[in-house]
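Those protein sequences? They're chains A and B, same order as listed.
The working numbering applies: residue 1 is where the first sequence begins, and numbers increase by one.
The working numbering applies: residue 1 is where the second sequence begins, and numbers increase by one.
In case anyone wonders, no lab produced these hints; they're calculated from the structure.
By construction, the Cβ of each residue, glycine as well, lies at the ideal position given by its N, Cα and C atoms.
Among these hints, one or two may not hold up.
Computed footprint of chain B on chain A, listed as stretches where at least three residues anywhere in the stretch have a Cβ under 8 Å from a Cβ of chain B [to be verified]:
(1) 37-44
(2) 47-60
(3) 102-108
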Amino acid sequence: EAGVVQSPRYKIIEKKQPVAFWCNPISGHNTLYWYLQNLGQGPELLIRYENEEAVDDSQLPKDRFSAERLKGVDSTLKIQPAELGDSAVYLCASSEAGGNTEAFFGQGTRLTVV
Amino acid sequence: ELKVEQNPLFLSMQEGKNYTIYCNYSTTSDRLYWYRQDPGKSLESLFVLLSNGAVKQEGRLMASLDTKARLSTLHITAAVHDLSATYFCAVGYNTNAGKSTFGDGTTLTVKP
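Next up, chain B with everything else stripped away, as it sits in the complex (with noise of 0.2 Å):
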């Protein structure tokens, strides 16, 4: 069964500063999701990874999919407090097109 986990759970930084959001998964996969969620609402889809090497970026985030180390990160640069949100990633299946399991999630907390 596919596993993701998502570190670290919980990030805490100053306005200005980078950091990254790990997203690693247990099995094979060639396709990645990004979905943001601010509190009390629904998940926004940021990005869709489709093969080893992607790069996307929007903004002052970017995410990149490694299928071979089975990683994909989310990084974000000069972070600004409207970035503050809980940042999910989403493996899917190739043996099961349509299906995808989430890792639980990232609350960023951008200080001013």
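Isolated chain A, as found in the complex (with noise of 0.2 Å):
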């Protein structure tokens, strides 16, 4: 069974400038989260959808940071404009519903911003 699915693995952009990443969960997992991993800390919540509905974005920079899970399955993760401080490494991860079982985590996606 295919795991959390991420892309791209890897992204440099310029200051100012917007990206998107992408992630596809595990089938069937109606619970989808977005973390921010700077380096030597733990993921921090960004955002957490159940189906299509963001149920917990309290911790989403909304001025510039955009989500969506259109279909209640793939999801997108978009930062319009990029901030040298957005340099992170950004997880998807997704579980079953119910909030008693553990998460599983992509391979995620490091921004560098120059």
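With the hints in hand, could you dock these two chains into one complex?
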């Protein structure tokens, strides 16, 4: 069974440019997460979806970040415009509904803003 | 707000030795997860602990949860080089199923 798939794996952009990340969760997983991971730190939640509904986006910087999960499966995370401080690894994860199961993580997208 | 603190943050140990990693958290929770991350890789689930007193073991790793003390431990028995990785605990919110907060991780290096 395929795991969580993310693309691209690496992205280098200039500041003020837009960037988008894509995630395909494990089939059947209703819950999808986007996390940000800085070097030497644990993942920090940006947004959580239950099916196509964003149920927790309190940590998403909405002035420049946006996300969507239109059909309750794939999701995209966008940053526009990117800032130097956005350089990090962006992780997508999915889990079964209910909240008592572990999350399965993708390989992540390493973003470098120059 | 839920705060999660792991210690130590860095751990260097000899093969064959035992050690314990601690995960303390600040508010009531009865759901805790342990993950492993190898350098440049993503996180892999190790254990899911869902009740006070829960204990789970897999190979040389054993995890436990004491919800009253707000503490989970990850015990390493007779460490081997392959266990070198960063270990994260993540604590679930009782009032918000599906949400959890991660600690900053413990980077373990096992030396031959």
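Each hint, compared with the structure:
A stretch counts as covered by a chain when three or more of its residues have a beta carbon under 8 Å from one of that chain; for the region 37-44 of chain A and chain B the count is 5, and the coverage holds. Counting residues of the region 47-60 of chain A whose CB falls under 8 Å from any CB of chain B gives 4; the rule of at least 3 is met. As drawn, the region 102-108 of chain A meets chain B at 7 residues by the rule of a beta-carbon pair under 8 Å; at three or more, the given contact holds.
Violated hints for the displayed structure: none, as all numbered hints are satisfied.
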